[in-house]
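Given the structure of chain A, go ahead and fit chain B onto it with the hints provided.
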Amino acid sequence: MEPFKLIRVQDNQAAIHAAGVTRTKFIAGGTNMLDLMKLNIETPKQVIDINKLGLNKIEELKSGNILIGALVKNSDLAYHPTIIKNFPVLSEALLSGASPQLRNMASVGGNLMQRTRCPYFYNTDFACNKRVPGSGCAAIDGYNRNNAILGTSDKCIATHPSDMCVAMAALGAIIHVQGIKGVRTIPFTDFHLLPGQTPHIEHTLKQDELITHVEIPALPSGSKSHYLKVRDRASYEFALTSAAVVLNIQNGRIKNARLALGGVGTKPWRALLAEKVLIGAIANEQNYRTAAAAALSQAKGHKDNTFKIELAKRTLVRALITTGGMS
Amino acid sequence: MIESVGKPIDRVDGRLKVTGAATYAAEFPVKNLAYGVSVLSTITKGRVKIVDIAQAKKMPGVIGIMTSENSMQLHFPNASDPGGGKFAEKDLLPLQNDRVFYGGQHIAVVIAETFEQAEHAAATIKILYDEQAPVVGLEKNIATAYKPGAGLGGAETQTKRGDAEAALQTAAVKTDETYTTPVYHHNAMEPHATIAEWKGDELMVYDATQSVMGVKGLLTSMLGIPAEKVRVVALYIGGGFGSKGFTWGNTILAAMAAKQFNRPVKLVLSRQQAFSAAGRRTQTIQKLALGADQNGKLSAIKHATTSETSFVDEFVETAGVATSMIYSSPNVDVSHELVRLNRGTPCPTRAPGEAPGTYALEAAMDELANKLKLDPLQLRLINHADMEEQKKKQFSSKNLKECYQRGADAIGWSKRNPTPGVTREGKYLVGYGMATATYPANRSASTARATLFADGHAEILCGTQDIGTGTYTIATQIAADAFGLPIDKVKVKLGDSMYPKGAQSGGSQVTASVGPAVRAAALGAISKLIDLAVSDSNSSLHGYKKGDIIADNGRIHLKSNPVKAETYTQILNRNGLDKVEAQAKTNVSTRAQAPTPAPAGSPEAKAEEESKANAAVQADEKTDRTPYSFHSFGAQFVKVLVDPDLGTIKVDKIVGVMDIGKVMNLKTATNQIMGGMIFGIGMALMENTQYDPNNGRVVTRDLAQYLVPVHADIPEIEVQFIDKPDPYISPLGARGIGEIGITGITAAIANAIYNATGKRVRDLPITPDKLI
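For the record, the sequence lines run as chains A and B.
With our numbering applied, the first sequence closes on residue 327, and no number is skipped along the way.
With our numbering applied, the second sequence closes on residue 772, and no number is skipped along the way.
Quick caveat, the hints were computed from the structure, so don't treat them as lab data.
Be aware that one or more of the hints could be misleading.
Unchecked claim - EDC-like cross-link-like pairs, simulated, lysine to aspartate or glutamate; straight-line CA separation at most 16 Å:
#1 B:Lys667 <-> B:Glu718
#2 B:Lys770 <-> A:Asp304
#3 A:Lys85 <-> A:Glu59
#4 A:Lys25 <-> A:Glu59
#5 B:Lys229 <-> B:Glu202
#6 A:Lys85 <-> A:Glu60
#7 A:Lys303 <-> B:Asp769
#8 A:Lys38 <-> B:Glu119
#9 B:Lys653 <-> B:Glu718
#10 B:Lys415 <-> B:Asp375
#11 B:Lys126 <-> A:Asp125
#12 A:Lys38 <-> B:Glu116
#13 A:Lys5 <-> B:Glu116
#14 B:Lys147 <-> B:Glu314
#15 B:Lys770 <-> A:Glu310
#16 A:Lys38 <-> B:Asp702
#17 B:Lys49 <-> B:Glu69
#18 B:Lys391 <-> B:Glu156
#19 A:Lys300 <-> A:Asp141
#20 B:Lys650 <-> B:Glu425
#21 A:Lys255 <-> A:Glu275
#22 B:Lys667 <-> B:Glu119
#23 B:Lys415 <-> B:Glu402
#24 B:Lys58 <-> B:Glu113
Said to hold, decoys possible - Chain A is faced by these chain B residues, among others (derived, beta-carbon under 10 Å):
#25 Ile43
#26 Pro60
#27 Glu116
#28 Ser414
#29 Gln690
#30 Val699
#31 Arg701
#32 Val708
#33 His711
#34 Pro765
#35 Lys770
As the list claims (entries may be wrong) - Estimated spans, in silico, between C-beta atoms of each pair:
#36 B:Arg47 <-> A:Lys303: 29 to 35 Å
#37 B:Arg47 <-> A:Lys5: 37 to 43 Å
#38 B:Lys160 <-> A:Asn104: 55 to 61 Å
#39 B:Pro715 <-> A:Pro100: 18 to 24 Å
Cβ atoms here follow ideal geometry from the backbone N, Cα and C, with glycine treated the same way.
For reference, chain A alone in the conformation it holds in the complex:
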């Protein structure tokens, strides 16, 4: 690990001003950041401890929207009664991630900022365009069972690892950020970037910007939601495939559908093509299968992960059946 300067801040302004310097990182729960620092993957010169900023509240707005502080712990969000009741997809996604110990430390903002678990990214002896731009991608011709099949490029096939983000993509969350120039909001699907030719640029935050909140829009009444994750072991493991499903079914017809996939995309993967199939369609297994096929229609498998195309379809179909069956 590189030596670094630790700064503890008490308010957002102080955090933002301290962050203007290059090679500066915020730290909250540290569940990913510290690992990366110990492995010399992140080598910040300055680390800003933002745990005292008070961004740890979950507020229910009059609109029915939920405003989640960026420092809310994953566990606290997962077990919040309103989240469990109105947004089970989010609670289930959070509880399917990591382990209880990690969830007790990990923050919502940190979860948005966590980095891929591609093994080549974690091993500085291998080429990785995300870690060292221009060095190459060892995963494309290497061991890539857990890598992405959607949104990949010839520079990077790393999967976005988060479960929470998949649920938030489906829920159409809004990210609130604050920088030197003031506050702004970012729609969830615009926050993370596809790798393209610049896989080291992963999101649209500016150097001085701090995530302050994530807002979850209220769902129309009668909406049902669910998160399903398939993985190699029962806990403490990233998804092979996962699906976040939000459905509003009235009289057997799908009025609204919001779908996202995990474990398969280079970013939390909103399945817009599948949503198109479902909206207005009858809620039945045949339509779910058609939607799943649409969701994966642009998927590209690599040597070890072609199975994910079929597994992701099945995961989405199962999640739709489970959710639709509850309406």
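This is chain B only, laid out in the frame that chain A set:
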């Protein structure tokens, strides 16, 4: 007094461990300690041109940097087994030259005032190489396979009886399939860790090892110093599973650095480093053919294994080792081949050979049963080996049929539908599978010292070690019964090469080897005490015959009249003694090797001499073991639930019924078997190490990338023991138990998955992608 052997007594070191008071190798408070961090190769094959340490040298806290340019010269190790000290890679003694044989090989060691400083400096070291094309991939290089010599401990690697090939040609029913298993890493919780400290010409080493005596022997020969100048301590070990049986670079490098920089040095391998520099279980490709008649009687077994080794030593994963003895068959052909790859050298991993070997054999038996339309359990009973057919010997003790029956009852085998893929519990397909477990019952020479103190407590010293299996606890129980004392009056001290030489912790042999020595030493001390009493006119036992007197609850008394008694304290006090001491060496091997006498003048030679008058040793050594083959057996039964759409597998229940002779401690024994079975779940369903297909270096090298089972993966586990003493292995009747739990279980899971889904996966691990 009630015997304590067999009882489910809590670990005597349990409280120390859960409170953090037990001191592991890296935790000894050594003054003026310096910290080492090893720098490993980042190419797979070639030569080191330049190790650029210019920047690192100048960094804060750096004391020095050891490379092949400046490190001391080592001598060639003079033993090749863990008991005498086995350096894992005989042709790659660390930092002796510029050659690179694999990725993740030691190239330099940075020594600094703090660990953080050493790490920081290590990260700045740049290595320039002359890179060569490495040999990568077992399948790709299978044309280079060769037949190795003997395996570890002289294990035969090519075994034949009859003509298996001819019998297969004429067999009414046969299966012939290839089964593959990936590389597995031990991943003990405690890393490979060493602290080395020189005091003048004396070397003190705290090491995470399965063999304090082996490390002592190895350091003696590699450093070229007298044995009496080296002391190795390993009081507690956080798991070894074979990876700490051989000695790896960290141990010798710590001793070299401590000498070179004249400071005590701590060197701990990181989790990532252990994936290349501390052994593994090799990949295997196993061709398994079975031939049988219409009734299911086996006529032929052919088991050909190909696995990999390194370019710097030879290790054979003897996957076929159990195949020649586990079932009755007139024709058997077991062979092993090795392919040299640019990877580090493999080493034993819990049940080396048997673990992957019983997977292939027992999965093949399931396939054969299916073809014969026979119950797989019935097929095992038809082919039960009443004797060891390869060596043509009787088993010392075998109760396998009872294991099958009890296991079948416990899992509910009668509920198994012989037609695969059709039985459901809710949305899940349900399946049952079973397999035979087996592991040899090893025993080797061990020495122990017993001391009875005038205050009424007793002590045992033995130069073996407790690698987390419960050796402290069962040695306490065995000693307590022999001393005639409650267990809280007995202190067992292990893990120090100053103590009399005990067995190394490998091959499941410690209980069988050390237990009888501990017992004999304690009985020897009691015998001396009785001698004191009967020859003392002031004793109430004066003049009685020795054989009429027994020890019980801190007293010796007449068998026929318990009132005629004296406490140990009374006897010692009256004689003005603060203690009475005895040493015993039990020189017994179940591998039919002639016991080798200790070198004249050595501590073991003295123990041997004293043992000539020790009735317990004499009776034990006089037992004729040559007519017998010593093996443990068991039956593994599994119920699984499989989601047919998503391919996810839930092991719902597992049952292991083990015939391991007499159980010394029901709690630690259950724990050992359960641990082995959980290892088996990992092996069957998730564990595997991946190497980069292009450059051959390890890709998955931490516990996030290398999956081991978590609590949520583990079902209800039922462990049962037959608990019948083995009459020939030792007076205690106990065979070893550390490894048999992992045998058979992997096949039982695979067989259950077949029964659930109708899909036969012959390539471990069985993950969701292989079932959809």
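Now for the hints, and whether the structure bears them out:
1. With a CA separation close to 13 Å, the supplied pair B:Lys667 and B:Glu718 stays within the 16 Å bound.
2. A distance of roughly 12 Å separates the Cα atoms of B:Lys770 and A:Asp304; the hinted pair therefore holds under the 16 Å criterion.
3. At most 16 Å may separate the alpha-carbon atoms for a hinted pair to count; A:Lys85 and A:Glu59 meet this at roughly 15 Å.
4. For the proposed pair A:Lys25 and A:Glu59, the alpha carbon gap of about 27 Å is over 16 Å, so the pair is violated.
5. Restraint check for B:Lys229 and B:Glu202: the C-alpha separation of about 5 Å stays at or below 16 Å, so the hint holds.
6. Restraint check for A:Lys85 and A:Glu60: the C-alpha separation of about 13 Å stays at or below 16 Å, so the hint holds.
7. Restraint check: the Cα-Cα separation between A:Lys303 and B:Asp769 comes to about 13 Å, which is no more than 16 Å; the hinted pair holds.
8. A threshold of 16 Å between alpha carbons decides the hint, and for A:Lys38 with B:Glu119 the separation of about 9 Å falls inside it, so the pair holds.
9. With a C-alpha separation of about 8 Å, the suggested pairing of B:Lys653 with B:Glu718 holds against the 16 Å cut-off.
10. For the hint linking B:Lys415 to B:Asp375, the alpha-carbon distance of about 12 Å falls within 16 Å, and the restraint holds.
11. Our distance criterion of 16 Å between C-alpha atoms is met by B:Lys126 and A:Asp125, whose separation comes to about 12 Å.
12. Of the pairs offered as hints, the one joining A:Lys38 and B:Glu116 holds, with about 10 Å between alpha carbons and a cut-off of 16 Å not exceeded.
13. Of the pairs offered as hints, the one joining A:Lys5 and B:Glu116 holds, with about 15 Å between alpha carbons and a cut-off of 16 Å not exceeded.
14. Our distance criterion of 16 Å between C-alpha atoms is met by B:Lys147 and B:Glu314, whose separation comes to about 11 Å.
15. Between B:Lys770 and A:Glu310, the direct Cα distance comes to roughly 12 Å. Compliance with the 16 Å bound is thereby established for this hinted pair.
16. A hinted pair counts as satisfied when its Cα atoms are at most 16 Å apart, and A:Lys38 with B:Asp702 qualifies at roughly 13 Å.
17. Simply put, B:Lys49 and B:Glu69 have alpha-carbon atoms about 11 Å apart, close enough for the 16 Å limit, and the pair holds.
18. Note on B:Lys391 and B:Glu156: the hinted pairing holds, with a Cα-Cα distance of about 12 Å set against a maximum of 16 Å.
19. For a cut-off of 16 Å, the pair hint linking A:Lys300 to A:Asp141 stands: about 14 Å separates their Cα positions.
20. Proximity of B:Lys650 to B:Glu425 is assessed by CA-CA distance (about 12 Å); at most 16 Å being required, the pair is judged to hold.
21. Between A:Lys255 and A:Glu275, the direct Cα distance comes to roughly 11 Å. Compliance with the 16 Å bound is thereby established for this hinted pair.
22. The hinted pair formed by B:Lys667 and B:Glu119 fails the criterion: a straight-line CA distance of about 42 Å is larger than 16 Å.
23. Only pairs whose Cα atoms come within 16 Å are accepted, and B:Lys415 paired with B:Glu402 is rejected, the gap being roughly 19 Å.
24. Note on B:Lys58 and B:Glu113: the hinted pairing holds, with a Cα-Cα distance of about 13 Å set against a maximum of 16 Å.
25. Look at B:Ile43: its Cβ gets to within about 9 Å of chain A, closer than 10 Å, so that hint holds up.
26. Checking B:Pro60 against chain A: minimum C-beta separation of about 9 Å stays under 10 Å; hint holds.
27. Interface restraint check: B:Glu116 against chain A, minimum CB-CB distance 7 Å, threshold 10 Å, status holds.
28. Violation of the interface hint for B:Ser414 is found here, the shortest Cβ-Cβ separation to chain A being roughly 29 Å, above the 10 Å cut-off.
29. Interface restraint check for B:Gln690: the shortest CB-CB distance to chain A comes to about 4 Å, inside 10 Å, so the restraint holds.
30. Nearest Cβ of chain A to the Cβ of B:Val699: about 5 Å, under the 10 Å cut. The hint holds.
31. Given the 10 Å rule on beta carbons, the hint for B:Arg701 holds: about 7 Å separates it from the nearest Cβ of chain A.
32. The beta carbon of B:Val708 comes within 8 Å of a beta carbon in chain A, closer than 10 Å, and the hint placing it at the interface holds.
33. For B:His711, the shortest C-beta to C-beta distance to chain A is roughly 7 Å, which falls under 10 Å, so the interface hint holds.
34. Taking 10 Å as the C-beta cut-off, the interface hint given for B:Pro765 holds, the closest approach to chain A being about 8 Å.
35. Proximity of B:Lys770 to chain A holds as hinted, the smallest CB-CB distance being about 8 Å (cut-off 10 Å).
36. A beta carbon spacing of about 31 Å between B:Arg47 and A:Lys303 agrees with the range 29 to 35 Å that was offered as a hint.
37. Between B:Arg47 and A:Lys5 the beta carbon distance is about 41 Å. The supplied range of 37 to 43 Å therefore holds.
38. Evaluation of the 55 to 61 Å hint for B:Lys160 and A:Asn104 yields a pass: the beta carbon distance comes to about 59 Å.
39. For the hinted restraint 18 to 24 Å between B:Pro715 and A:Pro100, the CB-CB distance of approximately 20 Å keeps it satisfied.
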